Every structure is written in C-alpha cells, then in structure tokens.
Amino acid sequence: MISLLFSLFLIAMIATMVNKRIFSLATFSVALILTLYWFNYHATDSLDILL
Amino acid sequence: MHIDNFRLLNAIGLILVSAVLCNAFYGQFVDGDLPCPLCLLQRVAFVAVLYGLLLNVVYGAKPLHYSIILISALLGAAIAMRQVLLHIIPGTPPYGAPFLGYHYYTWAFLVFSLVIFGTAVISAFSVQYSKGSYVSFRHQQWFCKLAIGITLLMTLGNAISALIECGPGECPENPVSYKLLSRQ
Chain A
1276 MISLLFSLFL
1286 IAMIATMVNK
1296 RIFSLATFSV
1306 ALILTLYWFN
1316 YHATDSLDIL
1326 L
Chain B
-3 MHIDNFRLLN
7 AIGLILVSAV
17 LCNAFYGQFV
27 DGDLPCPLCL
37 LQRVAFVAVL
47 YGLLLNVVYG
57 AKPLHYSIIL
67 ISALLGAAIA
77 MRQVLLHIIP
87 GTPPYGAPFL
97 GYHYYTWAFL
107 VFSLVIFGTA
117 VISAFSVQYS
127 KGSYVSFRHQ
137 QWFCKLAIGI
147 TLLMTLGNAI
157 SALIECGPGE
167 CPENPVSYKL
177 LSRQ
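Respectively, the protein sequence lines represent chains A and B.
In this text, residue positions in the first sequence follow the numbering used here: the first is 1276, and each later residue adds one.
In this text, residue positions in the second sequence follow the numbering used here: the first is -3, and each later residue adds one.
Isolated chain A, as found in the complex (with noise of 0.2 angstroms):
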C-alpha cells in the first residue's frame, strides 16, 4: 500500500516533467487523500497515558 503511495508521487512527478499539469495536480490529490486515510489507519489506537 505505501508503495503505491511513493508510486503515485513518481506519476505525480512524471507527468509535471511532461507538461501535464492538471493530471499530475489531480494524481498528486488521490495520493494525499490516501496518505490520509493510510496514517489515520495507523494512527488511531489510543495513547496510553494517565493525566
């Protein structure tokens, strides 16, 4: 899954050297919205600490 992730970035950052502006802003959206749910994924367990 996070490779997919690095891979999307790589595509995001292909299709800027090739001129292709808004494939690479909208690619560059999907991959941020994924690294989003994937660290809520494993950010969600709760801290162990009394206060």
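Think of the hints as simulated: they come from the structure by calculation, not from any bench.
As the structure is a prediction and not an experimental result, all values here were calculated from the model.
Wrong hints could be hidden among the right ones.
To be verified - Derived Cβ-Cβ restraints for the label pairs, each shown as a range:
1. Leu1311(A) with Ile84(B): 38 to 48 angstroms
2. Leu177(B) with Ala1301(A): 13 to 23 angstroms
3. Ser63(B) with Tyr1312(A): 36 to 46 angstroms
4. Tyr130(B) with Ser1304(A): 32 to 42 angstroms
5. Ile1289(A) with Thr88(B): 39 to 49 angstroms
6. Phe1298(A) with Leu152(B): 11 to 21 angstroms
7. Tyr1316(A) with Val123(B): 39 to 49 angstroms
8. Leu152(B) with Lys1295(A): 17 to 27 angstroms
Claimed, not checked - If the Cβ cut is set under 8 angstroms, some of the chain B residues that face chain A in the computed set are:
9. Leu36
10. Tyr47
11. Asn154
12. Cys162
13. Glu166
14. Pro168
As the list claims (entries may be wrong) - In silico PhoX-like links for lysine-lysine, alpha-carbon gap of 25 angstroms or less:
15. Lys1295(A) with Lys58(B)
16. Lys175(B) with Lys1295(A)
17. Lys58(B) with Lys127(B)
18. Lys141(B) with Lys127(B)
19. Lys1295(A) with Lys141(B)
20. Lys58(B) with Lys141(B)
Heads up, the beta-carbon is just placed ideally off N, CA and C, and yes, glycines get one too.
Chain A is already provided as a structure; the job is to place chain B on it using the hints.
Okay, now just chain B, sitting in the frame of chain A:
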C-alpha cells in the same frame, strides 16, 4: 532577486529534502533499521514536499505550489508528532537508533517545521510570481537537472524499498525482515 534564482532556490530545496531521504536510506541499509509504517508515511510526506518544490522548478514559483509544500509539511509534522507521542510514554522504548542524539521521527518533526518556516518566508517575495512558465527538462539549468534527477531517483527508490519491505499489502508494525525477500 531575479526570478530564475527562485527556481534555483527550490532546486536547492529538492537537494536538501532528498538528502534527508538519503539519510533515512543510510539508517535502513547500513544500520539495518527497517522503517515502521509511520516512518514510511513520514517519507511519503517528504516526497509530497519534493513534489511541490518540483512544481516550482518546472513551472516557476506559484502560490499553489507553496500551498502544496505547506500542506505536505503539515501532514508530515503531524505524522512525526504522533510517533514522538507514542515513544515519550515512560516505559515505552524508542524506535530505531538515535542520530546525533535524536531519533529519526524527532528529526523529521524538526525538518518539517523548518520546511514550513522556510516556505512561509520565501513565499512572501511577490516578485517571483510576476511570470513563470513551463521549462522542459532539456532547457533547465544543469543544477536544476541534477536536483530533478536526484528527486525522481529517491522517489523511485522509496517505492521499490517499500514494496520489498511490505509487499503490496499492509506493513508490519515492527518489521524485522523484508517481506518479499523472506522465504516463509
């Protein structure tokens, strides 16, 4: 400051952030510290910062590009802070070996904070927004070509490394071996 100097400034940013990822590779391959899922997500955020810098180098500086850098760095800082919080609990061991006294996730938080500060300062110079158009790789200055090449290489390297470590699915919370290389 001339407009082309802002392209160079962003190219320097590409080199610096790539150096951070290179250092993470050093810890992974030389010291043998396999990155955990949150560590990998911090690398993803660094790559997202690289993307914003790359846009500035290729298309010229634009407010949207700086917004992309800021959003990516804020996400990265949030991920790094989450991992710092996981390891400051008494009795909870840190993850990985320290580098110059701090662990990688602490360094990541500091670097993301620096990226946010640097972007806030550089984006304030309005002269860079007056014009700017697409410059193909062939017509870039040699330093920008070098920075772009290193950026693409580091992103590809991270994609391959994450695939070998985790496979196509979920990464283990505490990885001890490369999933695609183990014979189980």
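Structure-based check of each hint:
Our hint of 38 to 48 angstroms for Leu1311(A) and Ile84(B) is violated, since their Cβ atoms are close to 24 angstroms apart. At roughly 34 angstroms, the beta-carbon separation of Leu177(B) and Ala1301(A) lies outside the given 13 to 23 angstroms, and the hint is violated. Here the CB-CB span from Ser63(B) to Tyr1312(A) is close to 21 angstroms, at odds with the stated 36 to 46 angstroms. The hinted window of 32 to 42 angstroms between Tyr130(B) and Ser1304(A) is violated, with their beta carbons roughly 20 angstroms apart.
Checked against the hint of 39 to 49 angstroms, the pair Ile1289(A) and Thr88(B) passes, with Cβ atoms roughly 41 angstroms apart. Restraint check, Phe1298(A) to Leu152(B): a C-beta distance of roughly 19 angstroms satisfies the suggested window 11 to 21 angstroms. In this structure the supplied range 39 to 49 angstroms holds for Tyr1316(A) paired with Val123(B), their Cβ-Cβ distance being about 43 angstroms. Taken as a hint, the range 17 to 27 angstroms holds for the pair Leu152(B) and Lys1295(A), whose Cβ atoms sit roughly 18 angstroms apart.
The beta carbon of Leu36(B) comes within 5 angstroms of a beta carbon in chain A, closer than 8 angstroms, and the hint placing it at the interface holds. Checking Tyr47(B) against chain A: minimum C-beta separation of about 6 angstroms stays under 8 angstroms; hint holds. About 5 angstroms separates the beta-carbon of Asn154(B) from the nearest beta-carbon of chain A, less than 8 angstroms, and the hint is met. The beta carbon of Cys162(B) is positioned within 8 angstroms of a beta carbon in chain A (closest approach about 6 angstroms), and the interface hint is therefore held.
This hint holds: Glu166(B) has a C-beta 6 angstroms from the nearest C-beta of chain A, less than the 8 angstroms allowed. Look at Pro168(B): its Cβ only gets to about 11 angstroms from chain A, farther than 8 angstroms, so that hint breaks. Note on Lys1295(A) and Lys58(B): the hinted pairing holds, with a Cα-Cα distance of about 16 angstroms set against a maximum of 25 angstroms. Straight-line distance between C-alpha atoms of Lys175(B) and Lys1295(A) comes to about 35 angstroms, which puts the hinted pair past the 25 angstroms bound.
About 9 angstroms separates the Cα atoms of Lys58(B) and Lys127(B), which keeps this hinted pair within 25 angstroms; it holds. The suggested pairing of Lys141(B) with Lys127(B) holds, with an alpha-carbon distance near 21 angstroms, which does not exceed 25 angstroms. Taking the CA atoms of Lys1295(A) and Lys141(B), the gap is near 18 angstroms; set against the 25 angstroms cutoff, the hint holds. Our distance criterion of 25 angstroms between C-alpha atoms is met by Lys58(B) and Lys141(B), whose separation comes to about 20 angstroms.
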